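Peer 1: These are the residues of each chain, in order.
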Amino acid sequence: MSGTTSTIVNLPDQRTATMPKRDYLNNEHGLLSWLFTGDHKRIAILYLISITFFFFLGGIFAGLIRLELLTPQPDLVASDTYNKLFSLHGIIMIFLFLVPSVPATLGNFLIPIMIGAKDLAFPKINLLSWYLFMTGGVLTLTALVTGGVDTGWTFTTPLSTHYLNTNVVTAATGIFIAGFASIFTGLNFIVTIHRMRAPGMTWFRMPLFVWANYAASILMVLGTPVLAISLVLVALERTLGLGVFDPTKGGDPLLFQHLFWFYSHPAVYIMILPGMGVISEVISTFSRKRIFGYTAVAFSSVAIALFGFFVWEHHMFIMGVSNYSALVFSLLTMLVAVPSAIKIFNWAFTLQKGSITFETPMLYAFAFIGLFTIGGMTGVFLGALGMDIHLTETYFIVAHFHYVMVGGMLMAFLGGIHFWWPKMFGRMYPESLSKLSAVTSFIGFNLTFMPQFVLGYLGMPRRYHAYPPEFQVLNVLSTAGATVLGVGFLLPVLYLGWSLKYGAIAGNNPWQATGLEWQIQSPPLTENFTEIPIVTQDAYDYEWLANKTEHEVTTVG
Amino acid sequence: MDNALVASHAHTHEEEHEHVALPQHCHHFETEQQQREAGTFGMWLFLLTEIMFFGGLFFAYLLYRNWYHDAFVAASNQLSIKLGAINTAVLIGSGYFMALGVWAAEVRKKGLLVLFLVITTVLGFVFLGIKYVEYHEKWEKHHIPGEHFDVSEFVNPQAYGLKETPLAPDMAQKTQVFFSLYFAMTGMHALHMIIGIGLLFWLIWRANRGEFSSGYVAPIENFGLYWHFVDIVWIFLFPLLYLINRHPGS
Amino acid sequence: MSEYHDAANVTNPEHAEHHIVTPMTYTIIFATLLTLTAVTVGAAFVDLGIMNPVIALAIASVKGVVVILFFMHVMYQSKLIKMTVGAGFFTFLVLLTMTLSDYISRAWGLW
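Chains as they are written, first to last, in my numbering: chain A, 164 to 720; chain B, 8 to 257; chain C, 201 to 311.
In isolation and in its complexed conformation, chain A is listed as follows (with noise of 0.2 Å):
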């Protein structure tokens, strides 16, 4: 250890370390202990048993769609079932788990600790959003054993409204009281950015995963209730025979889908924006440089969020909208191409010239940046007023969004994972195997997702369970690759839950990084910091670090 106490990064010796005697984890025992914590850490925890628990019965629908297309007729399953799967698959892969992914585990766990904070600045609210999390999915497991629900998750009016006699209501209520654990997420992370910070922590020099958290937060706390009242307002449709959005009543459908979108668009960057945040602090970290252009990525973050809020009309292009109209949200839904760019950019910039190592992490976040940048592009392609008319409602727009969604974010968020396992933990995961599933993964999700932008440019619409055979081998080829894909998301749940017993012990900070949440042990005490940090160094410092390193040499050696 150096005597200075001009820093707040120290870098003890791996292979030394040993497990604290106390940490969060052995703190209190019991079920019940975990069940009424205040902790933000084992509600992290808790939220991510829970995903993970949603994030595969997700896939289980998605399983079986693709069995279903594996062959052109409609042999597996009927019709009517296969409605329920695509819709049950895309309910709770959205709202039970893409929207929670990051905030509420990583970002539960790790803002504090980031911006030196004992505790988010509501502890009992926090609890109760894991509780309001947990009704939702349970009415929804609720609507999918008492008959599924078949609306698609976009709950489309009239369709959801007079013509499906499947639990829409209960789905709406299960996603209504799920968007309200979103809401208290968001509302605890912007009150405790903004109050909690350690002295010394300034806007610049907070990490920015922490930005990219602040900046969906600010979507969450001001999108989700509008989703809420049109829910509502479909409920009551179904319930009472209210007119809102009943064409033979006077009401307009249409109204519904601009409701409904004003939150499920920017919702895309609740998704999207903390897990660039996540490889913000990957990618920094194993090329051992500062982000290049912290600020441009800080503020394309809020960017993203601001814009987010005017370009929802792009889902709505041929269902009737104005062309005016069309046309001032198709040019505004390029200007979100920029700041998502800028992100791209610089971290392709951090990277120039970095000293590069290829840990799982950094594997996961070279794939994020792949497959979102094919996403993201293709997004492009979609907001234009002429290909979107050809391309919109077609497996085109399938392969789009899982590029954004499962290429982006899910690759981000197992990097996270695995980037913050041994903070979380104390021990590492198997370095071999886990760079095995990254891969396969990867492998697995293009095989799957390529042949989709094919069969959509061709024309195969989406949400039909036959095809013409002519799709056949593409389909085939989709199939295969999400078995890959399959192999490669169970695996980490496999290796990760070896490694809580039998990994090696990571120490405090295993990566060398310069975060705050490095500089505690692993895993943290349960207020984190026995004394509040006293923040000197802009976030990212690694040149100064590498400087230190060698001094330190020097003198000890």
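The hints are simulated quantities; they were obtained by calculation from the structure and are not laboratory data.
Hints should not be assumed to be uniformly reliable.
Unchecked claim - Quick list of simulated restraints, FRET-style, between CB atoms: (1) M251(C) <-> V501(A): 40 to 48 Å; (2) Y294(A) <-> I228(C): 37 to 45 Å; (3) L135(B) <-> M251(C): 14 to 22 Å; (4) R306(C) <-> P173(B): 25 to 33 Å; (5) K148(B) <-> A258(C): 30 to 38 Å; (6) L293(C) <-> V240(A): 45 to 53 Å; (7) G222(B) <-> H192(A): 51 to 59 Å; (8) T402(A) <-> L293(C): 29 to 37 Å; (9) G249(C) <-> K170(B): 51 to 59 Å; (10) A166(B) <-> R306(C): 55 to 63 Å; (11) K170(B) <-> A258(C): 46 to 54 Å; (12) H192(A) <-> L135(B): 42 to 50 Å.
To be verified - Below 30 Å or equal to it, Euclidean Cα-Cα: the simulated DSS-like pairs (lysine-lysine) are: (13) K287(A) <-> K116(B); (14) K287(A) <-> K117(B); (15) K287(A) <-> K279(C); (16) K282(C) <-> K184(A).
To be verified - Among the chain C residues that face chain B by a calculated CB cut under 8 Å, a handful are: (17) Y226; (18) F245; (19) F271; (20) M272; (21) L280; (22) G286; (23) G288; (24) Y303.
Since the structure is predicted, the reported quantities are computational estimates derived from the model, not experimental observations.
Beta carbons: idealized from backbone N, C-alpha and C, even for Gly.
Guided by the hints, dock chains B and C onto chain A, whose structure is given.
Peer 2: Here is chains B and C on its own, set in the frame of chain A:
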């Protein structure tokens, strides 16, 4: 914990806890002030979600009012302006006593605080009671959207002794959109009132135990924000729903 | 207290001194709100054409702002709170105007 930086500043630790006085002070906040400001900020962020929640309804209202103006006028004139205006005054009064309650908590007067909160609650009940009378009238006149909705009063107002201009049958159907929005908006508002009254009972019970008369006013203050927000929603609902066009013949 | 222990960020612009609003202020506001309610009811009975809804909404907005500023203490709060309130109404305006851009121009037909 082998942290270089904190070791050198360990002496500041005792100082920082010297002034902690309130039992309600949470350990993860450094100061009570920080805790209080975080609470206010959090409440305001919650109110932002409420703005957007009602915002969706207000937009729907704006759209259909322009599309079906005649139907909206005719249907709006079915509402009792007297009851609406009284209810507005009742709710403003309720908000006034809530504000006084915050003041009473700040100057640490327990008796006054409980009194003001009780008056706030009573006025809240009066509002809901009047709302019930209004809803009941709509029920009897078959003006509740759905299967039993009846447009005859709008197609043939003279038969019912009304001075309204008769509406064509298809426009008369659109009164159902007005009443849908009327019930959705006032219903959501009433639901917020009911939740608020539930919270008020809890706050009165706690205030009566003296929890808020020793300098800890955050719950009263933050609940006040919520209650005033519900007032503001009504302040907009009243002219939008009741006062569209009250000068027949034009 | 050393300069290091500004964890509450009490010296930053997000902070405002706590201010107790007097009952007198509240009473004046209460009277204003009741008067404006009477005015808005009265105005509804006068035929002002297009100005009727404008006036009704203007009065409602004034009432809303007064409640926000005084009953809800925003007048005495930090810039952060003021900006937060502003952000809420701004986002509502975005919802309003951007959605209206569709509804207003729908009747313009094809181009």
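Peer 1: Evaluate each hint against the coordinates.
Peer 2: Outcome of the hint check:
no.: 1; hint: M251(C) <-> V501(A): 40 to 48 Å; verdict: holds, 43 Å
no.: 2; hint: Y294(A) <-> I228(C): 37 to 45 Å; verdict: holds, 44 Å
no.: 3; hint: L135(B) <-> M251(C): 14 to 22 Å; verdict: violated, 34 Å
no.: 4; hint: R306(C) <-> P173(B): 25 to 33 Å; verdict: holds, 29 Å
no.: 5; hint: K148(B) <-> A258(C): 30 to 38 Å; verdict: holds, 32 Å
no.: 6; hint: L293(C) <-> V240(A): 45 to 53 Å; verdict: holds, 46 Å
no.: 7; hint: G222(B) <-> H192(A): 51 to 59 Å; verdict: violated, 37 Å
no.: 8; hint: T402(A) <-> L293(C): 29 to 37 Å; verdict: holds, 32 Å
no.: 9; hint: G249(C) <-> K170(B): 51 to 59 Å; verdict: violated, 20 Å
no.: 10; hint: A166(B) <-> R306(C): 55 to 63 Å; verdict: violated, 37 Å
no.: 11; hint: K170(B) <-> A258(C): 46 to 54 Å; verdict: violated, 28 Å
no.: 12; hint: H192(A) <-> L135(B): 42 to 50 Å; verdict: holds, 47 Å
no.: 13; hint: K287(A) <-> K116(B); verdict: holds, 29 Å
no.: 14; hint: K287(A) <-> K117(B); verdict: holds, 27 Å
no.: 15; hint: K287(A) <-> K279(C); verdict: holds, 27 Å
no.: 16; hint: K282(C) <-> K184(A); verdict: violated, 47 Å
no.: 17; hint: Y226; verdict: holds, 5 Å
no.: 18; hint: F245; verdict: holds, 5 Å
no.: 19; hint: F271; verdict: holds, 5 Å
no.: 20; hint: M272; verdict: holds, 5 Å
no.: 21; hint: L280; verdict: holds, 7 Å
no.: 22; hint: G286; verdict: violated, 10 Å
no.: 23; hint: G288; verdict: holds, 4 Å
no.: 24; hint: Y303; verdict: holds, 6 Å
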